[in-house]
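Q: Residue strings, one per chain:
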Amino acid sequence: MRIVFKTSYDKDIDLHEHGWSRAKIAVLAAIMVLLPFFVGEYYLAEAANTLIWALAGMGLMVAVGHTGQVSLGHAAFLAIGAYTDSALMNAGLPFLLSFPIAGIVTGIFGAIIAIPAVRMSGIYLAIATLAVFAIVEELVILLEPITGGVGGIMAPSIQIFGISFDRYGALDNFYWLILAIVALVTWGYANLMRSPTGRSFLAVRDSEVSARALGINVTRTRSLAFGLSTGVTGLAGALMGHYIGFYNYELFSIFISINLLLVVTIGGLGFIQGAFLGALLITAVPQVIAIARDGLNANFGIDLGGIPGLDTMIFAVILILFIIFEPTGLYGRWLKIRTWFEIFPLARRDMFRRQKSYLKTERMK
Amino acid sequence: MSLLEVKDLAVHFGGVKAVDGVSFDVSPGEVFAIIGPNGAGKSTIFNLISRIYEPTRGTLRFDGKDITGLKAHDIARLGIARTFQNIELFDHSTVLDNLLMGRHTHRATNFIQDILFLPKVRREERAHRLRVEEVIEFLELEAYRTKMIAGLPYGVRKVVEIGRALAIGPKLILLDEPASGLSVEETQDVAFWIEDMRRDMGLTVLMVEHDMSLVNQVSDRVLAVANGKPLAMGTPSEVQADPQVQAAYLGTAVEDAA
Amino acid sequence: MELMQLVIGGLANGCIYGLVALGFVLIYKASEGVNFAQGDMMMLGAFIALGLGNADELGLPFGIAVIGAMAIMFVLSWGVERVVVRQIFGQPQFALVILTIAMGFVFRFVAGSIWGYSPLVLETPFAGQNLRAGGIVVGLADLVTIGVTILLTLGLWAFFAFTRIGLAAQAASQNQMAAYIVGVPVMRVNSLIWGLSGAVATVAGVLYATKGAIDPNIGLLGIKAFAAAVIGGLGSLPGALLGGLIIGVVEPIAGRYAPGELAKMSPYIIMLVVLVARPGGLFAQIQMKKV
Amino acid sequence: QTQGVTDDEIKIGGAHDLSGIFAPFSVPAVTAANLVFDEVNANGGIHGRKINYIVEDHGYQVPRAAQAANKLINRDQVFAMLLNLGTPHNLAMFQLMEPKGIPNISPITAARQMVEPPAPWKFAGTSSYYEAIKATAEYMVAEEGAEKFCLMILPTDFGKEIEAAVLELAEAGEIEMGAEISHKPDESDFTGALGKVAESGCDTVGMALGVSQQINAITTARKLDMDVKFMLSGAGFHTVVAKGLAAQGVMEGVYAGAGWQDLEARAGEPEVAEWIASYKEATGEDLPSTGALLGHGGATTLVRALEAAGPDLTHESFIAAMETLDYDDVISGNHVDYSADDHVGADEVFVSRIENGSWTLVQTLE
Amino acid sequence: MSAVLSVRNLETFYGAIMALRGVSIDVEEGEIVTILGANGAGKTTLMKTIAGLMDPEKGQITFMGENIAGLEPDRVVRKGISLVPEGREVFPYLTIEENLRLGAFTRRGDASGDLDLVYQYFPILKERRKQAAGFLSGGQQQMLAIGRGLMSDPKLLMLDEPSLGLSPLLTQEIFGIIARLNADEGVTMLLVEQNAHIALETAHRGYVLEMGRIVMTGPCDQLAASDDIQEFYLGRTDETERGQKRWKRRKTWR
Ligand SMILES: Nc1ncnc2c1ncn2[C@@H]1O[C@H](COP(=O)(O)OP(=O)(O)OP(=O)(O)O)[C@@H](O)[C@H]1O
Ligand SMILES: Nc1ncnc2c1ncn2[C@@H]1O[C@H](COP(=O)(O)OP(=O)(O)OP(=O)(O)O)[C@@H](O)[C@H]1O
Ligand SMILES: [Mg+2]
Ligand SMILES: [Mg+2]
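Protein chains in written order, with this note's numbering: chain W, 31 to 395; chain C, 205 to 462; chain G, 186 to 476; chain F, 21 to 386; chain V, 91 to 344.
None of these hints come from the bench; they were simulated from the model.
Be aware that one or more of the hints could be misleading.
With a straight-line cut-off of 30 angstroms between C-alpha atoms, the simulated DSS-like cross-links for lysine-lysine are [what the hints assert, rightly or not]:
id, chain 1, residue 1, chain 2, residue 2
1, G, Lys-474, C, Lys-324
2, C, Lys-269, C, Lys-375
3, W, Lys-54, C, Lys-324
Residues of chain W clear of chain C, computed beta-carbon distances all greater than 12 angstroms [to be verified]:
id, residue
4, Asp-40
5, Trp-50
6, Lys-54
7, Leu-64
8, Phe-68
9, Leu-126
10, Gly-199
11, Ala-200
12, Leu-209
13, Ile-211
14, Trp-217
15, Gly-218
16, Leu-222
17, Gly-300
18, Trp-370
19, Glu-372
Each residue gets a CB set at the ideal place from its N, CA and C atoms; glycine is no exception.
Kindly generate the complete structure, drawing on both the sequences and the hints.
A: What follows is the structure, given as structure tokens:
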């Protein structure tokens, strides 16, 4: 059992409560940085992919997890980020400029959309964003000179100061680039959540009336949150474009929006860590299933490859079992496991048994 | 000069005249109580002052300024804080965070500074914490500092809500039934807190309350309303002596309760 | 005249959206949850009807096949609630969203495994039968669709407005705990509503199948139907139908008169406009919280 | 040693849509391909090597296709890819295939990018939609007196290919262009679009919609008594289109152009009958669908090329062997021949028309 | 007399938090029993556990000789227990009349007589019967919750802070109704109330619950006479100035 003595307010304000958790992050970061030296191309590319999804997940998390704005349209913002970045690079801008600009453009677009949408909540907002998605999809097809229309475009190769960061030419560098971006965004996100802005997001999520009574401008806060959310998603979109290399509007389908929603909810709504765990789940589990299926075939001669859709079905069943087992998400489960170990000898076996719980209408905020 | 001036305030919801021509003034440093039967329009008056409802007619002036045209989120900045009858806390945050959210009007950093967590943000955070700790100490909430609201008993939540309003650092605080659901002992604490707010913090208090012993104990003046209309105004004892008030509101309990 | 033709076709199509939307509303009204597998339940219902009715399958008469499919889907959906959905009772609504998205995959797999992934045509007695009146052609299937939709909407509306269980279901959606303490068996009511929505989905699926072929992915229609339900005001049955009809009618009219891509965008533009103007949908129930 | 080749095994990969909207193509294709491989493996494999076909499902999502390619190429180290579905999906996967020269055999997309710009490792099974439609449209001009074309298409690769073909004819002055209408995959009412068609006075509609949408649209046109002909691509050259509402006869006179022939008319041929029987045994389906034809064709090509490449199997020897292939595919009813400067297997285009609820071949164009 | 409700060694948890630590109480036929306790003592938890809204970890709950621990809440209602919950849990989008009719959900016969009775108790509810309950004032919602509880014609009525937010006049009326129902119709009651004065006046017997444990029990007049009760629940009238209350007296049962 660990007891933390807090001797100054800084202890609460700091990102890490104690040296131990700081050390854990440092070890994790070191492993991530050194990864290219240990694993082959397959795993490295998957790691890069997972990081991109985590980035997009963090984007959506700001909206869904922290301000309670459900979006079914985040694929549209991925698209805007990707196309803006590519267009700017094709226009001659270096990645170091085009990338942040892509994020800002997407963010501003999102923030503007959020203003008329401010009075919507929950499902209504989700459908409004779905409509935005459908419209953006058409626009992408229409803006053929920039987007390549239906045919699609090739993502330009990334060069920074003459060094190649190309996904297919220099995977190591590309991976490190993504890692650095993700680390930076994570740090900024964590900062946000320990500052007044982050608190105002939570306030708007839990009770709009109270937030107003405390002087929080709900419209502005929600619009800011949505703008930040879409901005980060736009960054992820730009990276996804570079990662895939060639894409058209079909890359950014409604399924991507749904997958992102899975990332944040399965990961754990309202936790930054949740975005990472969720991304890991959505990218790694299907691969694990596929590898396990190959293994069955190779070792036992059980060939399941011939059953169409089985992989997807198994993935769906895992999701179902998971959500039944832990409706609060992966991170919630992790917290419980951690608590159990922290208070180890004192833990009761059924300490985390769910007490019956009941829902009330959420139509009134 | 009065701090809050309410003139001929009215609001109608469809056929229901929830508030119908109420006027009163609250002087600085005063504890002013509104009493009245259930559904008399007391909470609605609060909602009008905090600009959640649009008045059908009438004006509201605070500190000499007309606030009738302001938005709900502008009210806190002027120095008006409130609590809610049904408790409206941020359920998925800790007590500490709830109180810190009360400091929103005092924030001096923008979101970019927040994201970068510049030293200024840290300085500001420390200052907010200091203020909030004072509130925590005042309301004796130390034991609950890092507890989630969702798991707290009713009485504690009521107190946290008062704390959140105090964290705003207001001039005027509106308390909607601060003692409902509290035991006698806890009600006593509330009485002391109101006294201290007025005496030590220089606050003006506008309160809706059904517990007449608390009203008697702390308030300078009382307004009784019924059916959205004013019934009587004066010192607690004057108002309680009013036969209309007795009939509509107090019943025969006046003697036992006091 | 042409406009009339467009409107009638649109109404029939909108009725199908409306029917799927009814399923969403049913479950929403009983639990405020959104069943993202509703479209897939429609698909499954259509396939079961096909399995019972088509000549090269069981070959039962059409009416019996449809009723049988409704019954099977009722039991199936009811069972799904009992076995799966119930496990997350009282958990945040998001859990249901994820759960039903995943269930959709399973339903598609089941249908694909049984009936294959290639499109199949459901044999119906109305196929190719058209009625003509004053230059307007109306498919018999369209008429049946409109009629059935009106009947079902009325029936379900009456169920919620006048029956004890209907009222109890609404109560349960607004406050599960309070519903329990007045003695509403909330979970059992939920199962029943799920069963009903399975049966309604079957009707929608059968009527949808009259328009073309079905394959395990037709459930995608559910997304648009869901949007229709939402712009109608998710808690309202007539609203769902109206939402469906709006989308249904806008589509062909925009397809006819709006230029190019605008035609494709128009249902979504209408959705946005409706939601901006009425953030709780057309038949919004009270939104503001009384404090 | 070339990747994916051991003494007793050849690993082949494929990224398909086994659970998404294009499952109607991928699923039968994979089934048919596996039937071919099962038979080959049962007979001892090719030069002693068994074929291990590793099948991935991308559900028509590009990111999952990229993941599948990463797994197949970098982890499983497959020798070649077979029957990959989807244009953007294929193009995304090309990025990994190109540096390693992984052969891409008979992808299920008839986009021209599958062989253009030319590369040694790119092989297409049949002619592109573009060529098929162009030939079909020319046929319709010549034989059916088609003068004015309208288009009803999805904004996908096959929609665009059809558009390009028809537009090219229009530019050449052979036909006139009417309304061009773009649709969404979830549309289910075409009255409005058909109104546009009627207004612009087209006599022929080139159509590239989902299978069920096509049935729906054509039925609606018949209901409205519109006198127009419909021309579909290979994606619409599907048994269900002919059979579906056969009883009502509404589908009569619908044309389709594709790089293979419909099976039904040839079901009597012994080899075809045998295949249909074995397919039925495996799947329970009476008539293999379009996807099955493509899958069977692609797998056969692969097997033949592997045989021709000899025991010393490398990418070079394989590609060289591919370029020598020249045979009649009895099942698809087409002639397959590759060469160094022709990486399209079957170059013919078969124009078929629905008659009495069956596709009937009306012309074969080279 | 026989115990209608008897609770033995009840333990209830919220996840890791133990809210009830072995509570045993008895409620006899025809009696009004009140439970006093400070904030967070576990009164609401006890009520909810009896009603089946929460699962006890250990212990028995016997109602009319039947064990009802762990039963689904709707079954408990059918057995004749009705709960008026803390904090006015009404159905906000349903009309007042619908709310009340739902109160009689488990009853077979005609409940319109009781509906009239509730309207007679709370005329304002009748006036507003076609309005959505969500817009009622706090006190009006409380009336509605109580009215709904009465509609089920229970054998045992559990009231969790019924006077919450009610005007003094209505508080008296409510307790008048409680006493009358008990006397005339023999309804057994379990009552949690912060207004200890009126609770002790109305009830026959009382328990004191602290930190999830029963620390004191007895007939109400005896309880009312106890120093601790006077100090903590009745509020001695002589100590109203803060100066005199800088220190707190410790409860002797701790
Ligand atoms: N938003 C609203 N829509 C409709 N009616 C409303 C609304 N807000 C308040 N009312 C009505 O106005 C009247 C006054 O309500 P209010 O909440 O102000 O009463 P109150 O005096 O605070 O009563 P209580 O002591 O019970 O809290 C009530 O009859 C209520 O139904
Ligand atoms: N949802 C919850 N999660 C965790 N702990 C809870 C939860 N609800 C209540 N508790 C804890 O259980 C204990 C008992 O709470 P309960 O609500 O039963 O008290 P009470 O006696 O009814 O108090 P009050 O007088 O405020 O209504 C409290 O200490 C509280 O902190
Ligand atoms: Mg009030
Ligand atoms: Mg309580």
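Q: Compare the structure with each hint and give your call.
A: Okay, the hints, checked on the actual structure:
no. : hint                    : result
1   : G:Lys-474 <-> C:Lys-324 : 37 angstroms, violated
2   : C:Lys-269 <-> C:Lys-375 : 14 angstroms, holds
3   : W:Lys-54 <-> C:Lys-324  : 28 angstroms, holds
4   : Asp-40                  : 7 angstroms, violated
5   : Trp-50                  : 18 angstroms, holds
6   : Lys-54                  : 20 angstroms, holds
7   : Leu-64                  : 27 angstroms, holds
8   : Phe-68                  : 33 angstroms, holds
9   : Leu-126                 : 18 angstroms, holds
10  : Gly-199                 : 33 angstroms, holds
11  : Ala-200                 : 30 angstroms, holds
12  : Leu-209                 : 19 angstroms, holds
13  : Ile-211                 : 14 angstroms, holds
14  : Trp-217                 : 8 angstroms, violated
15  : Gly-218                 : 4 angstroms, violated
16  : Leu-222                 : 5 angstroms, violated
17  : Gly-300                 : 7 angstroms, violated
18  : Trp-370                 : 18 angstroms, holds
19  : Glu-372                 : 15 angstroms, holds
Of the numbered hints stated above, those contradicted by the structure are hints 1, 4, 14, 15, 16, 17, listed in ascending order.
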